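A.B. asks: Single-letter residue listing:
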Amino acid sequence: MKIKRLAENLLLAANVFILFILLFHPALRLPAWVQVTGRMHPLLLHFPIVLLLLALVLDVMMLRNAALRGYQPLISNLWLAGALTAAITAISGLFLSVEDVYSGSMLSWHKWTGLGIVWLSSLLYMLRYYKQPIFMAGSVLMLAGLAMAGHFGANLTHGTDFLLAPVTPPPQKIVVPVEQALVYEHLVKPILEQKCVSCHNAAKAKGQLLMETPAQMLKGGKSGLLFVAGNPAASLMLQRIHLPMEEKKHMPPKNKTQLEPDEITILQHWVRSGADFKRKVTELPADDSLYLLALQKLAAPEVEETYAFAAADESTLKKLNNNYRVIYPVARHSPALVVNFYNKTQYSAKALEELLPLKTQVVELHLQKMPVQDADLAIIKQFSNLRRLNLDFTAITGPTLKELSALPHLRSLAVSGTRVTAAHLQPLAASKSLKEIYCWNTGITGQGWQQLAAIKHIRFEKGYVDDGSDSLRLNPPIIENEQTVFRNSMGLVLRHPIRGTEIRYTLDGSDVDSLLSPVFKDSLLIDSSFTIRAKAYKPGWYGSAAVRMRFMKTSYLPDSAVLLQPANEKYVAEGPKSLTDQQTGNFEIGSGKWMGFRYNNMELMMLFKQPVKMKAVTLNTLRLPRSYIFPPQQVEIWGGPQPDQLQLLKKVTPAQPGQKDGNSIIDITCQFAEREINCLKIVAVPVGKLPQWHDGKGQKAWVFVDEILLN
Amino acid sequence: MDKEFLEHGLNMNRRRFLSRLSLGLGSVALGSLLIPDLFGGGSGVEEMGLAPGIPHFAPKAKRVIYLFQNGAPSQLESFDYKPKLREMMGQELPASVRMGQRLTGMTSGQSSFPLVGSFYDFKQYGEARAWVSDLFPYTAKVVDDICIVRSMFTEAINHDPALTFFQTGAQQGNRPSMGAWVSYGLGSENKNLPAFCVLLSRGKGNGQGVYSKLWTNGFLDSIHQGVQFSSGESPVLYLNNPAGMDSTGRRKMLDKLSELNHLSYSEFGDPEITAKIQQYEMAYRMQTAVPDITDLSKEPDDIIKLYGPNCLVPGTFASNCLLARKLSENGVRFVQLYHQGWDQHGNLPREMAGQALDVDQASAALITDLKQRGLLDETLVIWGGEFGRTNYSQGKLSADNYGRDHHPRCFSIWMAGGGVKPGIVYGETDDFGYNITKDPVHVHDFQATVMHLLGLDHEKLIYKHLGRRYRLTDVAGNVVKDLIA
Chain D
1 MKIKRLAENL LLAANVFILF ILLFHPALRL PAWVQVTGRM HPLLLHFPIV
51 LLLLALVLDV MMLRNAALRG YQPLISNLWL AGALTAAITA ISGLFLSVED
101 VYSGSMLSWH KWTGLGIVWL SSLLYMLRYY KQPIFMAGSV LMLAGLAMAG
151 HFGANLTHGT DFLLAPVTPP PQKIVVPVEQ ALVYEHLVKP ILEQKCVSCH
201 NAAKAKGQLL METPAQMLKG GKSGLLFVAG NPAASLMLQR IHLPMEEKKH
251 MPPKNKTQLE PDEITILQHW VRSGADFKRK VTELPADDSL YLLALQKLAA
301 PEVEETYAFA AADESTLKKL NNNYRVIYPV ARHSPALVVN FYNKTQYSAK
351 ALEELLPLKT QVVELHLQKM PVQDADLAII KQFSNLRRLN LDFTAITGPT
401 LKELSALPHL RSLAVSGTRV TAAHLQPLAA SKSLKEIYCW NTGITGQGWQ
451 QLAAIKHIRF EKGYVDDGSD SLRLNPPIIE NEQTVFRNSM GLVLRHPIRG
501 TEIRYTLDGS DVDSLLSPVF KDSLLIDSSF TIRAKAYKPG WYGSAAVRMR
551 FMKTSYLPDS AVLLQPANEK YVAEGPKSLT DQQTGNFEIG SGKWMGFRYN
601 NMELMMLFKQ PVKMKAVTLN TLRLPRSYIF PPQQVEIWGG PQPDQLQLLK
651 KVTPAQPGQK DGNSIIDITC QFAEREINCL KIVAVPVGKL PQWHDGKGQK
701 AWVFVDEILL N
Chain Y
1 MDKEFLEHGL NMNRRRFLSR LSLGLGSVAL GSLLIPDLFG GGSGVEEMGL
51 APGIPHFAPK AKRVIYLFQN GAPSQLESFD YKPKLREMMG QELPASVRMG
101 QRLTGMTSGQ SSFPLVGSFY DFKQYGEARA WVSDLFPYTA KVVDDICIVR
151 SMFTEAINHD PALTFFQTGA QQGNRPSMGA WVSYGLGSEN KNLPAFCVLL
201 SRGKGNGQGV YSKLWTNGFL DSIHQGVQFS SGESPVLYLN NPAGMDSTGR
251 RKMLDKLSEL NHLSYSEFGD PEITAKIQQY EMAYRMQTAV PDITDLSKEP
301 DDIIKLYGPN CLVPGTFASN CLLARKLSEN GVRFVQLYHQ GWDQHGNLPR
351 EMAGQALDVD QASAALITDL KQRGLLDETL VIWGGEFGRT NYSQGKLSAD
401 NYGRDHHPRC FSIWMAGGGV KPGIVYGETD DFGYNITKDP VHVHDFQATV
451 MHLLGLDHEK LIYKHLGRRY RLTDVAGNVV KDLIA
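Chains as they are written, first to last, in our numbering: chain D, 1 to 711; chain Y, 1 to 485.
Any given hint could be a false lead.
Below, in silico cross-link-like pairs of lysine-lysine (BS3-like), each with a Cα-Cα straight-line distance of 30 Å or less [to be verified]:
{"id": "1", "chain 1": "D", "residue 1": "Lys350", "chain 2": "Y", "residue 2": "Lys252"}
{"id": "2", "chain 1": "D", "residue 1": "Lys219", "chain 2": "D", "residue 2": "Lys297"}
{"id": "3", "chain 1": "Y", "residue 1": "Lys252", "chain 2": "D", "residue 2": "Lys319"}
{"id": "4", "chain 1": "Y", "residue 1": "Lys438", "chain 2": "D", "residue 2": "Lys297"}
{"id": "5", "chain 1": "D", "residue 1": "Lys660", "chain 2": "Y", "residue 2": "Lys396"}
{"id": "6", "chain 1": "Y", "residue 1": "Lys326", "chain 2": "D", "residue 2": "Lys700"}
{"id": "7", "chain 1": "D", "residue 1": "Lys435", "chain 2": "D", "residue 2": "Lys297"}
{"id": "8", "chain 1": "D", "residue 1": "Lys462", "chain 2": "Y", "residue 2": "Lys123"}
{"id": "9", "chain 1": "D", "residue 1": "Lys248", "chain 2": "D", "residue 2": "Lys222"}
{"id": "10", "chain 1": "Y", "residue 1": "Lys326", "chain 2": "D", "residue 2": "Lys538"}
{"id": "11", "chain 1": "D", "residue 1": "Lys319", "chain 2": "Y", "residue 2": "Lys60"}
{"id": "12", "chain 1": "D", "residue 1": "Lys248", "chain 2": "D", "residue 2": "Lys111"}
{"id": "13", "chain 1": "D", "residue 1": "Lys319", "chain 2": "D", "residue 2": "Lys195"}
{"id": "14", "chain 1": "D", "residue 1": "Lys700", "chain 2": "D", "residue 2": "Lys577"}
{"id": "15", "chain 1": "Y", "residue 1": "Lys464", "chain 2": "D", "residue 2": "Lys344"}
{"id": "16", "chain 1": "Y", "residue 1": "Lys213", "chain 2": "Y", "residue 2": "Lys396"}
By construction, these hints were calculated from the structure, which means they are not laboratory data.
What you are looking at is a predicted structure, and each value in this text was computed from that prediction instead of being measured.
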């Protein structure tokens, strides 16, 4: 009981103290420790709310249930505790308001509703046993007061838009064209509105500074003028902004969203340039950093498109989707659909018409290469939400294109590869939404392009047109014959991949003349060894480089062949037979076509059942100096009726490469007086010591042979 | 009090218990409203990931054409202009620049690291005033349509791991390739063609091989594997009808086979059977679609001049670029080209000129061609190798001949279309072209960005395999927002 009496006294004292503070508010100077009490206001305020609410609820329950009367003293105590903590909270709140962090109408509302609670709850505690209806009316009033004071207080600390922000739609960023934009209105003000005005407004007026209108900006606040036009360094606003974060006066306050570097630059430049409220962005010099920033800030923001229509029925989608008409949503959870058509034999106007149940949802229609007719555009026109339409290489001719300007959202239209002309496209200028039209490879003429250029809001993509200024060199013709060795005769076939190319050639290895050399037609029948050189020509192109290839004839095939000394085990080809199989190799030494010798001579014996008349033997050899592969040092041809009656027919010493000579395939021909023979022996001697300039000087060289020609 | 407990106990009969329980269930239901995806998905394969086949958010790019320059083209002779290297020609690479970073075994034994400047001159082009070397005159012309990234870096220092890293997000292999992930994430647009196609070509320069593991489906379903198109008579192996079988015969056979398969399905109910039926049908449709696409003979003359005369020679890079456009235009999600021969350890001036000649015109042509058809907006084109090359010479340095070793710490690639900011140069390297000084882009960042452009969240496109959830970017990667228009 003693405690209760003490508490009642305290309550009275607190009320008196409150009146005292209210009376002398402007004159108060608070010591630091009292400020701490003030700052405990956000903590203390929870006690009276809970205690008073609890007391109220119990009172109501007691009214309805007489059995609870025994709790009367407890409820009474709760009322007392509630009123007392309300008073203490109010006192701390008053202390806090003296600190001058907050001001404005919001604070007044909070203050007086809060005080109302203190007085009402004190009164209700004392009048608890008086007339019940009056008590209940007072209680309801206090409940309202609690809600209001709480709400205003929350608005003070979190801002007025805090509560409803999740359900309020975000403000649409209004895009102003640079030409019309004002420096203050469209660059400076949005920053202030986002980062400053939530405190410096009529309701809060922190530091007695308001920043909502130019007049308020010019007036400044408690600490003086906000800025000195033309002198950012002397301007209070920028000084505060540039203070280090830990400084108490840094703006915006530490726990609020800070200014971006760009935003600081804008404010700084605006003040430096005189803090003009009326100036246009275009009046700034073109190289001014504020101007450049303005261009960036005022650029239209890229927003992901949202669609207002409802999604199509899942079963309709499923029914219409097939392998040649693919329908899929733009993204997960998006009602917008993309439709692609494939395979022109599967396309018909009906296939397009069947899509009409989806006419609201389809935003992209890709019909390239389908035989779309002019009349089909009447169907397409009904897809009211279409954004992209691709009609590349369709069968349209253009007259019905103008109907597309009725599509309110169409942004991109592609008609490349059709017979559309400028006259067909011009009516599309009426469309407000169209941004680009792709019209490469159409019927548009030079004059047509000029007419289209007058339509400024649409970009017409012309694409690449070969106007003859780009002269390229043709690539050489292709020799279709793969084998370079033939028996008796061969049909030579030349080809060029590009249509309408003329191929000219020579067969004696001489240079090809673009006018005098014969033109190749279909095929050429040739019956002796030759070297083809051929070039390709076509108007509008530079003539090609020459393609050159040597073809060699062989007349006889031996009935058997045997190596008297083995080939190196790594390069045995397919035995001695492969030397007369008319299959030649290339620079790939491991291809299985080449036979290699290093530590012994090549000694090959060939036998003919019937005597043959021979006058020349040719060895096709490889020269890869860096890989130690050299032509043989010496070649000997022996012949006669039997293996033990051979005569030396010819001895040849092939030329050896010098340091500068590169890779090559060389045929070494040994000619001799014509002779009838049954047996032929060919000896090729590898170079015994590589020359001084070679990396492997002094070592043995290789000899590689892939084919032997007998004539 | 005791009485009240007793009463409470007595009152809690079954009916009450159940009706209270319903309240509890109601509150669970209420709570579940706050978790939108709680009851969506969650079926085995796509556990945690989003349903494959539809982008997570509205994509900028629908398709990708990746012009991979296999072997690593030198950034110092292409897009990263370093005049300082010419000034300091032959001088030693300062240790303060190298900072002891690792080298490959091919040059770590060199006693000297002489700096070498580009043999080829650079000029500035386009509105971005981007520096491009004289080796790439056609690319220079489209510089306003491309975005050059000079600050790529990777973790691997040798070809195979670096390539594998670029393609699969991991150096060791066995993970799905980027194209396979895209196929998994977006599905195929055109049901008559594979979603992921691969085209190979080879330049005359020193080359490195490519292996099918680079376009593998890894642990994903085999339908996502890259299909290699070859340059011969049969671009897709085993697709043509065998000799003696015509199209009608094939159709009849498939119809009969399908009847049998359906019978067997109704008996066993194995979903693999219906999958098989679908595969046969797709192959049949490909038999019509593929010859139509691989036939380049109907391309207009302007196109041939645009891509250069080699575009009609099968197996060349130019021809592959043209083919890539046709595939992409027909709804192939990911077309992967590899051009081999960029590994210039020696003879760089001569070999690189040849390689550039192979690819420059056709790469630029691809951009122009897609643009004039209105397709560049929805097609992402990427050009680049697996790492860069050193600023010092490998082997002997002479006035007109030098080589460059592998350099993973900085290199240049470019991207175009598909929602990439056109006409910008991103990232910077130091004056020596050795380290990145601004805006580094890791391979995983690059991959995350590509996925983002395709409307896929690289952190959500995952697949659970052997008890672990995998994604293309492994456990890293940030979308480079500055590259996105």
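A.B. asks: Is Lys438 of chain Y close enough to Lys297 of chain D, meaning Cα to Cα at most 30 Å?
C.D. replies: Satisfied, since the Cα-Cα distance of roughly 24 Å is no more than 30 Å.
A.B. asks: Are the Cα atoms of Lys660 of chain D and Lys396 of chain Y separated by 30 Å or less?
C.D. replies: holds (19 Å)
A.B. asks: Taken at face value, is the distance from the CA of Lys396 of chain Y to the CA of Lys213 of chain Y at most 30 Å?
C.D. replies: Violated, at roughly 35 Å.
A.B. asks: Take the C-alpha atoms of Lys700 of chain D and Lys577 of chain D, compute the straight-line distance between them, and say whether it is at most 30 Å.
C.D. replies: holds (26 Å)
A.B. asks: Given the hinted pair Lys248 of chain D and Lys222 of chain D, is their alpha-carbon gap at most 30 Å?
C.D. replies: Given that 30 Å is the threshold and the Cα spacing comes to 16 Å, the pair holds.
A.B. asks: Would you mind confirming whether the straight-line C-alpha gap from Lys462 of chain D to Lys123 of chain Y stays at or under 30 Å?
C.D. replies: holds (27 Å)
A.B. asks: With the threshold set at 30 Å, check whether the alpha-carbon distance from Lys350 of chain D to Lys252 of chain Y stays at or below it.
C.D. replies: holds (28 Å)
A.B. asks: With the threshold set at 30 Å, check whether the alpha-carbon distance from Lys435 of chain D to Lys297 of chain D stays at or below it.
C.D. replies: holds (22 Å)
A.B. asks: Mind checking the alpha carbons of Lys319 of chain D and Lys60 of chain Y for me, to see if they're no more than 30 Å apart?
C.D. replies: holds (28 Å)
A.B. asks: Quick one, are Lys326 of chain Y and Lys700 of chain D close enough, alpha carbons at most 30 Å?
C.D. replies: violated (55 Å)
A.B. asks: Does the alpha-carbon distance linking Lys319 of chain D and Lys195 of chain D stay inside the 30 Å limit?
C.D. replies: violated (53 Å)
A.B. asks: Taken at face value, is the distance from the CA of Lys319 of chain D to the CA of Lys252 of chain Y at most 30 Å?
C.D. replies: holds (26 Å)
Violated hints for the displayed structure, listed by number in ascending order: 6, 13, 15 and 16.
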